[in-house]
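In the order they appear, the protein sequences are chains E and D.
Be aware that the first sequence starts at 105, since it is given in the numbering used here, and climbs by one per residue.
Be aware that the second sequence starts at 20, since it is given in the numbering used here, and climbs by one per residue.
The hints are simulated quantities; they were obtained by calculation from the structure and are not laboratory data.
Every residue gets a Cβ at the ideal spot worked out from N, C-alpha and C, and that includes glycine.
Honestly, I wouldn't trust all of these hints.
What the hints assert, rightly or not - Between beta-carbon pairs, the in silico distance windows are: (1) E:Gln214 / D:Pro137: 25 to 31 Å; (2) E:Pro210 / D:Leu59: 31 to 37 Å; (3) D:Gly183 / E:Gly117: 55 to 61 Å.
Stated by the list, open to error - Here are the computed lysine to any residue pairs in the SDA-like style, where the Cα-Cα straight-line distance is at most 25 Å: (4) D:Lys127 / E:Asp222; (5) D:Lys220 / D:Ala193; (6) D:Lys127 / E:Phe227; (7) D:Lys127 / E:Leu128; (8) D:Lys127 / E:Leu275.
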Amino acid sequence: MIPWRRVAWPLAGLPVLALLAFGLTRDARRVDSPLPGRLAPDFVLETLDGDSVHLTALRGKVVLVNFWASWCLACVAEHDVLVAAQRRWGPEGFQVLGVVYQDTRPNARQWMTERGGDWPTLFDPGSRMAIEYGLFGVPESFLVDRAGRIAFKQIGPVSGDALARMVPPLLAGQTTSETVEHRSPGHVRSSPEFPTAGGERREP
Amino acid sequence: MSRDRRSAAVVTIWVALTVLVPAGVAASQAADSAIRDSALDAQVQAVAATLRCPVCQNLSVFDSPSELALSMKQIVREQLAAGASPDDVRSYFVARYGEWILLRPEPKGFNLVVWLLPAIALAVGGFLVVMRARRWLRQGRVPPELEAAPLSDLQTRRERLRHGLQDLDAEAAAGRIATSDHDWLKQRDTAELDRVSEILKRRGRAEAGTSPAPARGAAPAAHLRPAVVWIAGFVVFLGAAALALRSATTPRAAGAPLTGLDVAPPEGGSESPANGPTDPRLAMLEERLRRDSTDHQALLEVGHAYLGMGRLDRAAALSFKAVQLRPRAPETAEAYAHLGMVLANQGEHEVAVQSIDEALLLHPDLPEALLFRGIVSYSLQRYPVAVEAWTRYLQVAPPEADTAHVRGLLETARRLQRP
């Protein structure tokens, strides 16, 4: 017979341990985005050159919406990946759209001149589009399939490998209902510890 | 560095600040008043206080001074003004950020654990305490003749009670005795068995010499004492839990301080007493500065606090004053580092480098100076300098600093260093 009195207390502790084990094995920083699989929020935004870009007008292309800022360090390395991707898949219907996050036009213009890249650079007054896309920081990228659905969300700089894996199937017309979210180091939430902090950064 | 070059650097920094800071001040004040001036304020505050700021650590959208939070507050205001209900506004953000954005998750599904567990724990704990207490009280009523009985009598009695209880169960199982009678008899005999066993146990302990035998007359009191302690402890626990719950669930009043955090009141614009800093330590330091505007230590600390809040204009002014007062004091290194950070934020990278170099001349291992030097060098694409600065930073960083991010950046800088 089981000595219930002896085992009662350790048994009572088991649910607590189970709860702790469940909690401690999860990544507290991981936040699952509800966006992948849904239609990409539409926008009409002004470019550096004063034109405007309508996301819906790009339906049929595979679009990479990339949020970045000149004060974002990880965006430096990511930029070269984007240049290469646009050059490689551009003719097949791939389009990078850069959305500038909490930065000034002169900064953005200087950045694009220095580092190259011939895609539209969009301005997002009041971070409206950033909030529509549930942005936490920069860089963050959303890969939109030909049907206008978000197939992939990248938190942190997007890597060439990830694009090489994701873009060709999307170009081939595949749509993924898979909700994929990847993270990589270097993602900045413009936290107060960093010199990018504060509400001072506004359009001059 | 020569005296001339040093003063040249100070002049450059000064010029840069006088040009850049007023613009920032004007912009932030305009934004502040725009947010303040509305009849919707209370409702906006109520909703914004339930949303988590995506770019901060543990601040609500209402409390956060960050630009993104300001934009979110604006969206909350617009939607409420357009007739949306607070729940509609919350759903709007949940659809974009997930349930993470809610500071108080919906009480459904797995989240219910958070609501139910405390109640269950209290109920189970209370039940156990009551059971214990009842047993002690029952044992406390030991008849004096039982206490005085010889050991052998007690042992015999215990055996008899045990057998009696077994027989009782057998009788009940055979259906020869009514269930209610069985229960009543069993309860009575079990209680007596407990009492006898307890006395025997105590005598056994007394004989082994581990504890003195209790005085006979004092027996009930000795039994009652642990019960009283348990119950008193439980009541104290309940009270503490109730207090903690109340303070944890009461929404923070506008401008009230956040415990342990140097955070500005969300819309506090100037140093006027009504809008001034509400953090007690910061308030104390500000007071010291009002009495003596040359209090170097206070200048440094308040500058640091404002930097942490992202109020760069104020941080720059105070740090610059600290530099002017004692340009060569080792502790001024911190002020130079802060200035460097403000300047870098304004895009003045070259002047920022000068300021940070000043800091490192005065204090070669100042962690924040090393961190900022790395950041500025990185954005100037001087990767070897960034690698060197961050490597040293990681060696001297205070243990509580979150260095994971810097490690990540250092990796990238190392990769970029080699063409």
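Query - Hint numbers contradicted by this structure - result: Hint check: 1, 3, 4, 5, 6, 8 fail, others pass.
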